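Spelled out, the chains give:
There are 2 protein chains.
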Amino acid sequence: MKKYQLMAPGPTPVPSEVLLAMARPIIHHRAAEYDVLFREVREGLKRLVQTREDVLTPACTGTGAMEAAVTNTLSAGDQVIVVNAGAFAQRWLAICKAYGLRAVELEAPHGETIAPERIALAMRENPGVKAVLVQHSESSTGVLHDVRAYAEVTRGSEAILIVDAVSSLGIADLPMDAWEIDVVVSASQKGLMLPPGLGLVALSEKAWAAAKRATLPRYYLDLGEEQKYTQRNEARFTPAVSIMVGLREVLRMIDAEGLVEVFRRHDRLSRAARAGAEALGLTLFPKTTPSPALTAVQVPPGVDADRVVERFAASHNITIDGGRGPTKGKIFRIGHMGYVADFDVISALAALEQVLYELGQPVDFGAGLRAAQKIFAERP
Amino acid sequence: MKKYQLMAPGPTPVPSEVLLAMARPIIHHRAAEYDVLFREVREGLKRLVQTREDVLTPACTGTGAMEAAVTNTLSAGDQVIVVNAGAFAQRWLAICKAYGLRAVELEAPHGETIAPERIALAMRENPGVKAVLVQHSESSTGVLHDVRAYAEVTRGSEAILIVDAVSSLGIADLPMDAWEIDVVVSASQKGLMLPPGLGLVALSEKAWAAAKRATLPRYYLDLGEEQKYTQRNEARFTPAVSIMVGLREVLRMIDAEGLVEVFRRHDRLSRAARAGAEALGLTLFPKTTPSPALTAVQVPPGVDADRVVERFAASHNITIDGGRGPTKGKIFRIGHMGYVADFDVISALAALEQVLYELGQPVDFGAGLRAAQKIFAERP
Chain W
2 MKKYQLMAPG PTPVPSEVLL AMARPIIHHR AAEYDVLFRE VREGLKRLVQ
52 TREDVLTPAC TGTGAMEAAV TNTLSAGDQV IVVNAGAFAQ RWLAICKAYG
102 LRAVELEAPH GETIAPERIA LAMRENPGVK AVLVQHSESS TGVLHDVRAY
152 AEVTRGSEAI LIVDAVSSLG IADLPMDAWE IDVVVSASQK GLMLPPGLGL
202 VALSEKAWAA AKRATLPRYY LDLGEEQKYT QRNEARFTPA VSIMVGLREV
252 LRMIDAEGLV EVFRRHDRLS RAARAGAEAL GLTLFPKTTP SPALTAVQVP
302 PGVDADRVVE RFAASHNITI DGGRGPTKGK IFRIGHMGYV ADFDVISALA
352 ALEQVLYELG QPVDFGAGLR AAQKIFAERP
Chain Z
2 MKKYQLMAPG PTPVPSEVLL AMARPIIHHR AAEYDVLFRE VREGLKRLVQ
52 TREDVLTPAC TGTGAMEAAV TNTLSAGDQV IVVNAGAFAQ RWLAICKAYG
102 LRAVELEAPH GETIAPERIA LAMRENPGVK AVLVQHSESS TGVLHDVRAY
152 AEVTRGSEAI LIVDAVSSLG IADLPMDAWE IDVVVSASQK GLMLPPGLGL
202 VALSEKAWAA AKRATLPRYY LDLGEEQKYT QRNEARFTPA VSIMVGLREV
252 LRMIDAEGLV EVFRRHDRLS RAARAGAEAL GLTLFPKTTP SPALTAVQVP
302 PGVDADRVVE RFAASHNITI DGGRGPTKGK IFRIGHMGYV ADFDVISALA
352 ALEQVLYELG QPVDFGAGLR AAQKIFAERP
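These protein sequences, in sequence, are chains W and Z.
When we follow the numbering used here, the leftmost residue of the first sequence carries the number 2, and every step to the right adds one.
When we follow the numbering used here, the leftmost residue of the second sequence carries the number 2, and every step to the right adds one.
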């Protein structure tokens, strides 16, 4: 028996309590029971996103929520800045292209970030820029971008800051209102420990003002219309009811643990995973602040990272993921977001030691585990 | 104890077997297990939609799938014909407006349909028409439109026929290829007995040719891109994994019952519901072919239909629905689609007798039930 462990950088494991809550008979979205549920979920989402604004819940995955952020705040021909340091940044670029926006691309090699000064410079050079589009956690490279500093650049300008928080919401601190972020985009299947199928989008006052001027076409993901219904505690269209039911459970779990402790746990898990990998002689892929959502690791010369991913699955029944595009075969990525505890990371590191050994690499058995244990033994 | 019964015209009850299948630990959409599942689901969907084409499965609800049908096959300024005889037809009009299409509206009073000759005439009067947009089952009025005859009008012309089959797929026969329908749009939460959150879209060869010319912007719901991945049995974006897991179970259930028998059952359920309502002296709302998905009933003078809906819930724990817009307070609608069997209709009619009595109407107790029983006693 090899117990299955899902440790990909999304989708992530869903707690049994949540799965069973979602397995209860379906409720109608215009019934009194849903009314109570939606009210609780709306309040919980505001706490999670740390905003006074409503967090809208369209039935789509993260990419749909990203598209909604763009089509609801911009117009064809608008100039935007895209912080491009990974595969999800390229999704911003693809969306911009599909909708006829002119993107100023600030590129960094995968594994690195963009200094806020570069954004400030690009804004001076392109005074008409309407939005800056970034990832908070770029899960293709394992890097956390300094969204707080980016917000200091956009604040006071005409440009809105649109942040993809798909792999950071409920994982890394992102106080939307305090940092003055204009659009936060997220989805259900990462830190929120739910099946994929629910998008999350919150707009600041500044973003809503931009939305009033925006002329890109949209209907299904028209956030202004969605907002009208949400403020009446109603669903505009049939919502993803079962995921909303699960979301209520998840928000209660997060409230019970406390948001600060949730962030602290992810920080601890990621520090332990990184310490473990380094203790085994491996090199971390991020050259800058790593994301607490996942650990991206370079393989030693002569090893194919995709073989590491395969061995995790075949020998140990653990799903992790490899690199994409320029990093394919060069890195593997272990997710530790959402419903993940200390000893899940211990299991992953134990598997990593075994896999390196299986692939003929020299391994000091226990070295990775020891390094992680020392992190877990720290007292706050 | 009043057992809960969901008999709204969607969402509809999800079988416990399906709920429990979806409650199993989440699987990764790039894992071997999902590969096998997706292959089975794709084949099952082709049988269900009665087409050789792939049925695409974007993570969205029915409205998203409707929007995708429009944005993937048309260009701004295109002229289209919309068969407008209810609330869901108005959704077509709203989508067309949002995307700058010029809609020729063929209007019929709610409860009625549009003769195919009117479409043929409108096409002669507007020779540049690129698409005809219709509902198969208009669940706001309980009418089934004659899509087969509409397809005979569009066949051989440049126009494609786009059919909203949200409340007819797996309920009323709609052989896409045999009838030469160009786009079939549906969703998970009606005949497919699943939670909301999965859209279904299939395009004919003619529709794919239109898609190649179409310039409306789209990214998340870009069906051409979706198709490329689907044909490789891959997911373009994170799919609605848990609903896909449920869909496999549902397709197996439908295969086991047999599609012909599934249509026969819905026909029988709807004939029984109508016979029961009429035996109680009520008037059916449709003036033309009724949809087998639901029964829309007019209330007697002096009765508010919304009170009937309320009493169903308050006294009998059964969710049905009322009218919308022009029919608000005038009709109530009982859904009998998907996971519904003969005696669910018996329960609904029993409740109807009680509710009419509660509202001070004269009731011949058992008359509605007797009429339904006679239908159920018929031997094929």
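Be a bit skeptical, because a hint or two may be false.
If chains are identical, the list can't say which one is meant, so a pair holds when it fits in one copy or spans any two.
Straight-line distance between alpha carbons at most 25 Å, and here's what the computed DMTMM-like set of lysine to aspartate or glutamate pairs gives [what the hints assert, rightly or not]:
(1) K47 to E206
(2) K331 to E54
(3) K375 to D223
(4) K3 to E206
(5) K47 to E18
(6) K375 to E41
(7) K207 to E18
(8) K213 to E18
(9) K288 to D223
(10) K229 to E262
(11) K213 to E250
(12) K288 to E250
(13) K329 to E235
(14) K207 to E34
(15) K329 to E279
(16) K329 to E379
(17) K331 to E235
(18) K213 to E118
(19) K331 to D256
(20) K3 to E34
Simulated from the structure, these hints should not be mistaken for laboratory data.
These figures come from a predicted structure and were not determined experimentally.
- Item | Those earlier numbered hints the structure runs against, lowest number first | Going through the list in order, the structure violates hints 2, 3, 4, 6, 7, 8, 9, 10, 11, 12, 14, 16, 18 and 19 and respects the others.
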